[in-house]
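Listed here are the chains, written in short residue letters.
4 protein chains.
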Amino acid sequence: MSVVDVWPVGSMALLTQVEADSLSLSSQGDLYDLYRNCSLAVLNSGNVTDNSKELLDNFSNFEINVIRNERGLKLELINPPPSALVEGQVIKKLRKHLYAVLRDIVQMQMAKDPDLDFIKKKYATESAYITNQIFVNLRNANVLKAGIKPNLAVCWGGHSIPQNEYDYAYQVGLELGLRKIDICTGCGPGVMEAPMKGSLQGYSEQCEQEKCRMIGLTEPSIIAAEPPNAMVTDLVIMPDIEKRLEAFVRLGHNLIIFPGGPGTAEELLYILCIKLCKENKHNFLPLILTGDKKSEGYFKALEDFLIKCFGKDITRYYDLIIDDPKAVAKKVKDNNDTVLDHRTITHDSYCFNWDLFIPHQLQIAHPITHEFMHSLDLSRDQEPWQLACNLRSAFSGIVTGNVKENGIKAVAAHGPFKLHGEKEIIESLGQLLESYIKQGRVLLSQKEYKPCYVLE
Amino acid sequence: MSVVDVWPVGSMALLTQVEADSLSLSSQGDLYDLYRNCSLAVLNSGNVTDNSKELLDNFSNFEINVIRNERGLKLELINPPPSALVEGQVIKKLRKHLYAVLRDIVQMQMAKDPDLDFIKKKYATESAYITNQIFVNLRNANVLKAGIKPNLAVCWGGHSIPQNEYDYAYQVGLELGLRKIDICTGCGPGVMEAPMKGSLQGYSEQCEQEKCRMIGLTEPSIIAAEPPNAMVTDLVIMPDIEKRLEAFVRLGHNLIIFPGGPGTAEELLYILCIKLCKENKHNFLPLILTGDKKSEGYFKALEDFLIKCFGKDITRYYDLIIDDPKAVAKKVKDNNDTVLDHRTITHDSYCFNWDLFIPHQLQIAHPITHEFMHSLDLSRDQEPWQLACNLRSAFSGIVTGNVKENGIKAVAAHGPFKLHGEKEIIESLGQLLESYIKQGRVLLSQKEYKPCYVLE
Amino acid sequence: MSVVDVWPVGSMALLTQVEADSLSLSSQGDLYDLYRNCSLAVLNSGNVTDNSKELLDNFSNFEINVIRNERGLKLELINPPPSALVEGQVIKKLRKHLYAVLRDIVQMQMAKDPDLDFIKKKYATESAYITNQIFVNLRNANVLKAGIKPNLAVCWGGHSIPQNEYDYAYQVGLELGLRKIDICTGCGPGVMEAPMKGSLQGYSEQCEQEKCRMIGLTEPSIIAAEPPNAMVTDLVIMPDIEKRLEAFVRLGHNLIIFPGGPGTAEELLYILCIKLCKENKHNFLPLILTGDKKSEGYFKALEDFLIKCFGKDITRYYDLIIDDPKAVAKKVKDNNDTVLDHRTITHDSYCFNWDLFIPHQLQIAHPITHEFMHSLDLSRDQEPWQLACNLRSAFSGIVTGNVKENGIKAVAAHGPFKLHGEKEIIESLGQLLESYIKQGRVLLSQKEYKPCYVLE
Amino acid sequence: MSVVDVWPVGSMALLTQVEADSLSLSSQGDLYDLYRNCSLAVLNSGNVTDNSKELLDNFSNFEINVIRNERGLKLELINPPPSALVEGQVIKKLRKHLYAVLRDIVQMQMAKDPDLDFIKKKYATESAYITNQIFVNLRNANVLKAGIKPNLAVCWGGHSIPQNEYDYAYQVGLELGLRKIDICTGCGPGVMEAPMKGSLQGYSEQCEQEKCRMIGLTEPSIIAAEPPNAMVTDLVIMPDIEKRLEAFVRLGHNLIIFPGGPGTAEELLYILCIKLCKENKHNFLPLILTGDKKSEGYFKALEDFLIKCFGKDITRYYDLIIDDPKAVAKKVKDNNDTVLDHRTITHDSYCFNWDLFIPHQLQIAHPITHEFMHSLDLSRDQEPWQLACNLRSAFSGIVTGNVKENGIKAVAAHGPFKLHGEKEIIESLGQLLESYIKQGRVLLSQKEYKPCYVLE
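Protein chains in written order, with the numbering used here: chain U, 528 to 983; chain Y, 528 to 983; chain G, 528 to 983; chain C, 528 to 983.
One chain only, chain U, in its complex shape (with noise of 0.2 Å):
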């Protein structure tokens, strides 16, 4: 048996005993496998896996103890991951991210208490209350910056990706890094680690390595399928993927979009169904497809989908950019710009978009089940803003059905998932999935991929 102890960074150890006592209370409970398993992620950073389980398995002699001292909270780690270590001594980085991982479920413990009466008497609607939540985690965790000017690309696109989309977005991170923009996202590997790295490389270019923040966002639900890459600086845990989202875009003043599977195309239908809201026709929210050379047939598929789920205007909602990335990172800069007078004008945060207008239907958690998906309704004849929402639905259930522990339990248990929609819809969605499915899109492992859905 190994023991690690790790010793407190910053300001990370200070909690009240009660805030302590939450997690060593309940260390036969829930909540200490949470957070164990939290902490097993991010101790396993780098080393990837599509399969949580397979994780899980691997170090399931892993055990983590909070203990309070002089100093605030030691953590005591029995048998981690060995690549967590150098020279005896757990990376600084991780043990940072330990203490993040602490923070954000202490967190979530805290704000699990109140009654609903209790809120009521202060908010508006139930939207409003979870995005002050999601404004008292972000800040929580030290990411919100009160005056810096607007500078956060946040990045999406595939984790399982190959080489060539891999030093695109390297390319695009060296670029935006040469011009000071920071980056977020959803802090796994492949495209989640490539721009960040060349980030990294441009600030130091610039001589200001020590100011490139690399913001990872991530859920307890898929942490350990994806684990922290190893640039992060901020990893944040957000309570479940709908608050995640919405952090992301309230968070970010540039959402750019390269290549990647279903996880992707949930998340590029979740920003299209905001900017489709009526609500936010004058909320500046700017949208960048790209990619290398080689995915313009990708990029293709994904807008032939979208024309016909939400015809030829919908083209008007994003800037497509192939293979160019120093032309991204000029457009970003220049959409910085202009979020910065937009906000000006408005007085809304430079760090928060407040002022976004998000469907309710996002921001509460579905649970995935095999009626949920069944019911969806994926056809033109309702608002497109609902469209977009329920097709995001349908991709959502598709992920979680191939990496998330339920979903995979769920489908093994009772099949896959049944969509149906219309026809022309449905057939579109097809191609576009099968199409991932052949470009190896899906997962990461090398087994034959099974679909966890049936299209009727």
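Some clues are possibly wrong.
Intra- or inter-copy, both count: the list cannot distinguish identical chains.
Stated by the list, open to error - Result set (DSSO-like, lysine-lysine): computed pairs, CA atoms no more than 30 Å apart in a straight line:
no.	residue 1	residue 2
1	Lys-672	Lys-707
2	Lys-857	Lys-623
3	Lys-950	Lys-931
4	Lys-623	Lys-853
5	Lys-649	Lys-623
Rather than coming from a laboratory, the hints here were simulated on the basis of the structure.
Given the coordinates of chain U, work out where chains Y, G and C should sit on it, guided by the hints.
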């Protein structure tokens, strides 16, 4: 009408919409008044007066608006005291203090809401809840520094003192600063300023002036009468005097008491009460009484009073050092080392003395009424800590009658407070108070002092 | 025998073997004595005396060894003044100053060697060579900050001043500090300390105490009599009084003259001499004379003397501000803006006034002998700048006779210096000097002053 | 014509008028050309070519002007390489490098002047003078850090290497960075870049990316062919290859040699020559040869050659580690500890190995002529260090003939250099060089390589 804008400093301006609105919504009500008055006191830093009312009257046309905007929260000051401005800009330290007031008043407001059932579920006792809240207040104010070795000396003493006592406290501060020992006081003039000034000089001679922490702990009901002096680097507004005193003793690693008036006596009895509790037999909380040559008589009188009340043994609870700043600083340094060892062994936090037992009676605010004052049992026929507790309340009442708005009003309406108890104690108390009045230790202002109490 | 080791701070200890040996090789000779005496003066910081000899006698058994080792250069102090130590360690500022002494004395030694042919090849004139050397000295001491906007105020005035003048200079310093204006003085007590102390306070109120620069320019022959005060952050030892004065006027963006004695008069005449040169007609070098209410008479006498010597027009060469620290600071700030504009237009360096013309006579050291003093022509029958130059020499001689070792010896041996010139000037000079003696502006020590000069 | 202004960074722009004029005065002469060409090389950072001439030809209309102004020295670039600009501004690292070039060329110019008599007076030997000058160069470039514990690894190896070797060197750099070990290289591409890139990543994982020092030592005659890579944080231009090599071995605490071509062999023989000197018997200067699995054959051939020349014992002078980056980093760390102990005992500086003996022959620049190459004695019939010295010269000549302007011209004019010596040595040398050519280790460009030497 002059209007001055204050832009946010650091992260202080990151309020949620609900937090920000809690101030502006209530702008017609009590919270706004509290906020306005504390802000005015801060802006009046350095302009010494004894009478909150005087200050408030002098600037009756002062107003403050909190305005949410793109960089966070902007404060708009209408007719601020001219002394707060340099070249049309509010002095930066005052700007920071304005945001500290904002932070702490929002915090108080937020902490008010949770219902007791909720609290009882989590906290073993009300005492534990109070201590937790104090920790949260201090953490929120960023004055808890996990992992830093014990180095905080709390300085208590008069705000109305002669030049020689000021100079002596300065010398003590200088010797502390040369040893990189930080200062925490009640943040007003006199002994609350002098050691801070000396400490900055000492730190500066050690080329670490930027690390010199000067923490000022105050409370809404006293801040106007004793506005933060120009040295305070970290201002914290605790909800009331009880929480403020608890904050002092849990934060500080050494308590130094300089000559002072009834407020200082209150503080001394508060700490003796705690030290006399048998639960604290093994908790190391060093106490030093010190002053220059001329103050020898003052301390003689005080010691006589204490021996009368508690017997000869009481002198073992503190060190009395006359006219030797270097000896004080060396003693503090030695004590810091002992605190370090002690906390390391007991695994209690370096920056917050969780283990210290504080009687519940000291934690809760007794409204100072004529009845309450009359009910105090000032006799030796009880546990020593209980007598100390009652004596402390007596002095607290006298301070309230002298300088706090509500006290002044009560005394004006119903005549002086009546105190009674064992004859010897009452006599000794009378002599002590008499000597304070003669030495001019009771009020700053020039008017003749009319006692707010009668001893029976 | 007490021995204290001082370890290097920063890069100061990076001497080549030859540089290091230049001190140790000569340890039996003049260079060692110079080094030892300056180091002793530094360690004696704050212990004020007027008489270098007294200081040297008090610590006749002090020695200092320079020892090359693995971390750079270690200094070994034998029997250092106890006031330099806190808990057995030399105060850090003094440690830095010890290395500043080392640096500047090595620099002086290195600069001595190049033969004149070599210099002539490179420099148009000897004047240009001297100015270059001063720049090199200051650059070496890291007090030149390229690109920082003009913000350095040189403060001149007496080292022996009454409390009210000290307080006034402190207030001026406070107002300067609140406006983030740095101070440069001759680094001793009195007016050389007070504005620095005020400035630290002002900077601290603006939360920038770590940026507060307090430059002390001294020279080997005066450092023992006027050891650096405890505020000086950057100590520079210039080779002699002429280079020191040139350093002041090329470094400073404002010159402020407080009341003082003959040394201050020397400085005033030095700067008037420069301003009277027609070559400097367009060089903006602002000069402010200021003091509190009580000093009105002092300045009246001074102004009368100047008008007698140079005519009414001389009053346009300076601003005289009585009893208004805020007005002084505002004037300095306005002047800084003008200097900024002026240098930007002329492309002269913000941090070194290359364009200023300084007559060669002011650049070279005249040994103060009885012959030299006797030869000075103090009549109006010459160019005004030439009269200013001669008057400055007269005051310089008087300072030398009062406090410098060689001067004291010469006067002891040959009687007072004899000065003569135009009757009106001599009379006026006599009155001025008389008033200085009466006001106690000539010497710090208590002994009765016996003038070192005779006016004929 | 494009014109870009570069404003000074830090203190680099504080030149005296004479120093500044030394560049502009001579702007028609050699110094300007040298300055211009080095600046162009810096701006061309990252654009790899083998041939200085090509670079210079591509930007024949590039010019650079040094303009003294109010903020120091402004550089005016006419027609700079577009790759040096981001949004119209020169990348900051390149700006710093431009000032490094300025600094070092002014330094070279200044150091040229003192006459020999002057030097002889101060320095025991010419060797001592050279070593002092190297120290002064490095101190001036701010790469000597007194008091920092030994942590600098010099990495030598090919600039033209296959991807697998690049990746391996990156991994070694990563492991060094995780242990906070700094890198020093010759500052070009290939092995001079890869470990730096890895090191930044490692430092970043330890959250200290701002402390990652990557020193590039170059020289005017090679900088155009091997412009500083994008990682270099501290660029130093040494006067010539001999001073550059001496700088490497006095600065570095570990020397790591990766696979490379003739330049790398030159470096290896240089260091073996020094280690073979009996004067260095007790000087600890650790040497590690390392490469990935594929490089095993390369090192076999090299070791065979060394054994042929110096006998079996030579293998004790270095550690050979194949395919184990972690083992390399651990060895380096252990060695650093030993260096620390050793220097502490001998009191030699942590940051400059003064005690190391370097034969005078290695210190002086031999012009590479056909005669000199012909005169080299490559036989075992001499002291081993002398043979190493001559072999080193042979490789040096080959490098010169391959990539340096003068060498290319000489070979073009007079045919290949002729080398001769003991048959076995010459044969073995021939095999080694042959294998280099086959492995493509000699030149970056695609053209077929025509050897610049003949072995006889």
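Are there hints from earlier that the structure breaks, and if so, what are their numbers? The structure breaks none of the hints.
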